[in-house]
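Trainee: Same order as they appear, the protein sequences are chains A and B. With this note's numbering applied, the first sequence covers 617 to 962. With this note's numbering applied, the second sequence covers 617 to 962.
Don't read these hints as lab results, they were simulated from the structure. There may be inaccurate statements among the hints.
Any copy, or any two copies together, can satisfy a pair, since identical chains are not distinguished.
[What the hints assert, rightly or not] Quick list of in silico lysine to any residue cross-link-like pairs, SDA-like style, CA-CA up to 20 Å: (1) K887 to D900; (2) K783 to A795; (3) K877 to G798; (4) K802 to L789; (5) K814 to A958; (6) K802 to V865; (7) K664 to N650; (8) K827 to M901.
There are 2 protein chains.
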Amino acid sequence: MSEQKLFNVAVVGATGAVGEQIIGLLEKRDFPINQLKLLSSARSAGNKILFKGRELTVEEATPESFEGVEIALFSAGGDVSKALAPHAVERGAVCIDNTNAYRMDPETPLVVPEVNIDKVSEHKGIIANPNCSTIQMVAALKPLYDRYGISRIIVSTYQAVSGAGSKAIDEMLRQTREALEGNDVKPDILPVGSLPVKHQIAFNAIPQIDKFQDNGYTLEEMKMVRETKKIMGDDAIDVTATCVRVPVVYGHSESVYVELKNDYELEDVRKLLSDAPGIVVVDDMDAQQYPLATDAAGKPDVFVGRLRRDLGAPRGLNLWIVSDNLLKGAAWNAVQIAEYIAIEQN
Amino acid sequence: MSEQKLFNVAVVGATGAVGEQIIGLLEKRDFPINQLKLLSSARSAGNKILFKGRELTVEEATPESFEGVEIALFSAGGDVSKALAPHAVERGAVCIDNTNAYRMDPETPLVVPEVNIDKVSEHKGIIANPNCSTIQMVAALKPLYDRYGISRIIVSTYQAVSGAGSKAIDEMLRQTREALEGNDVKPDILPVGSLPVKHQIAFNAIPQIDKFQDNGYTLEEMKMVRETKKIMGDDAIDVTATCVRVPVVYGHSESVYVELKNDYELEDVRKLLSDAPGIVVVDDMDAQQYPLATDAAGKPDVFVGRLRRDLGAPRGLNLWIVSDNLLKGAAWNAVQIAEYIAIEQN
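Work out the full structure, taking the sequences as your base and the hints as a guide.
Mentor: This is how it looks when you write it as structure tokens:
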């Protein structure tokens, strides 16, 4: 057996919710690492993080940080990716970017390994990781797309606050305590940190994730629309999304209606999904088993259940799709892409 | 001015979550009451409830309790309504039943006052109050139905635990405390009290409300399908529902996709809804204003927002509909019907 190539890897946003998960997965998956650089903003630099029993110091990310880096995983916000990824690419790194910065760039492949891993080879230095809510949906729908074709998707989401970062989790837990104690609840971050109006997330459901666009949809909703078409490689799929934040810590749930192009049998759909990589079917009415956010938390898979034929449209199918938004929805999808690149270079 | 007729009124299920709201509304609305009887199971009999400054004692509901009663409001579960409503009718009472017992009975009108108050006169002793999740949806969609026609509805719900009763609220608050303290969460009631398998509701989203039917839908989902057709008086409307319990105390939210039969302008829809009785449009993207469960709690109205044209179907429209499930979704709808009956008899 030939010697395995080891990589110089950088994690940008190492102290964030997704960055932490990426570091954990690199360790757990025993990723072939020569040197691991943990990068962050100046504010978080100096923090210590344990990796395989060794304490690593987080450094401030600068263009020079990427000297010698071969694979860089970005999850520090779109602005950081825009500012630093080109410098990393210039220095020869392949960037796997978990932000919205390059997703719709025609030069940048947008990859969910179960759906379009073949696109990785087309990269020009940057590979984009899709939005969490898109990843789990397309991973579950791809086997149906391949077999039956898909004309239309209508999705309503139930998204966890961890998707808005560690501070949003803290805010929800604080608000929940305030509400339980009968005190006034003070909203501070959600729904959108950079916007002026704040709403309570504890014991509530907020139908706004990210900023509103001119067409009345939020950016999160439009991400699901545009990214689904790009990842599936099919602009003809009609996608409508309603994205809602709910008081859940980890795990996005999605109520998905999909209209197939060809007739289907429910049992074939079940088998198709059961056999698909990365998909776990949890769908037993008698045993009251279906995917739940609390069960999906901490697991890399996409869980699918509540499979049922639409009562009106003969080719309509309803599903309930749940996955850990920080894992398959972010860190795990990125590490899967990194593993593919590592294998390709071995 | 002629003297106002006063009624002998009974509230069955007086100590329950909905019963409490009914009693509060009868007082607040100054309902023309001669005598008020508060009825319950043997277990809750003897409880004292304050009504207009007088302490009333809750009595066990028996067939004889309805002697002399003219209007009886039932919200003590389907079995109680089945057992006792016929006795109340026999004794001359008009029953407004808030359970599932008579809703699909062809002899029983199923009434949402904003939609089909004319059906009340067809009653044979019992008028059924629809399911909470149905009421707010049809109230909001009726103006659109009348103007444009509706061919199809796809709805995903975000339902509050108060819909499962006071004990479910207690369970959620207890579980939330357990989770915040880092302790094991012990599910005891939800998703369905009478079924063996329990799931955590704190920081979760449970895609099961009521029992599963043979077609893979839950009873709650099928209620939305069947009741919508009956209330609208149109069996040709295709309805698909996914009903989900979320950790919210009061207020159901609904993500609704509706396909109209005729072309529409979004501004006309907004005006139509703004002018409709019982509907409040909250829809201002710049100000980040949209309906929220926490804002709807304690109010009788149905709140509608996130109005936007579907990106695929030219006659498709998306809405976010929120209302207090114990008020418009139950107690207030029932008291509205009672007020109509009282006015008719004056």
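Trainee: None of the hints should be skipped; say for each whether it holds.
Mentor: Outcome of the hint check:
Within a single copy, K887 and D900 get their C-alpha atoms as close as 14 Å, which meets the 20 Å cut-off; across copies the closest is 45 Å, which misses it. In this assembly of identical chains, the alpha carbons of K783 and A795 lie at most 20 Å apart whether taken from the same copy (18 Å) or from different copies (18 Å). In this assembly of identical chains, the alpha carbons of K877 and G798 never lie at most 20 Å apart, being 52 Å within a copy and 47 Å across copies at closest. Taking CA atoms no more than 20 Å apart as the test, K802 paired with L789 passes in both settings, with 12 Å inside one copy and 19 Å between copies.
Taking the shortest alpha-carbon separations for K814 and A958, neither the intra-copy value of 43 Å nor the inter-copy value of 44 Å comes in at or below 20 Å. In this assembly of identical chains, the alpha carbons of K802 and V865 lie at most 20 Å apart whether taken from the same copy (18 Å) or from different copies (18 Å). Proximity of K664 to N650 under the C-alpha cut-off of 20 Å is restricted to the intra-copy arrangement: shortest distance 19 Å within a copy versus 74 Å between copies. Taking identical chains as interchangeable, the C-alpha atoms of K827 and M901 lie at most 20 Å apart only when they sit on different chains, with a minimum of 9 Å there against 38 Å within one chain.
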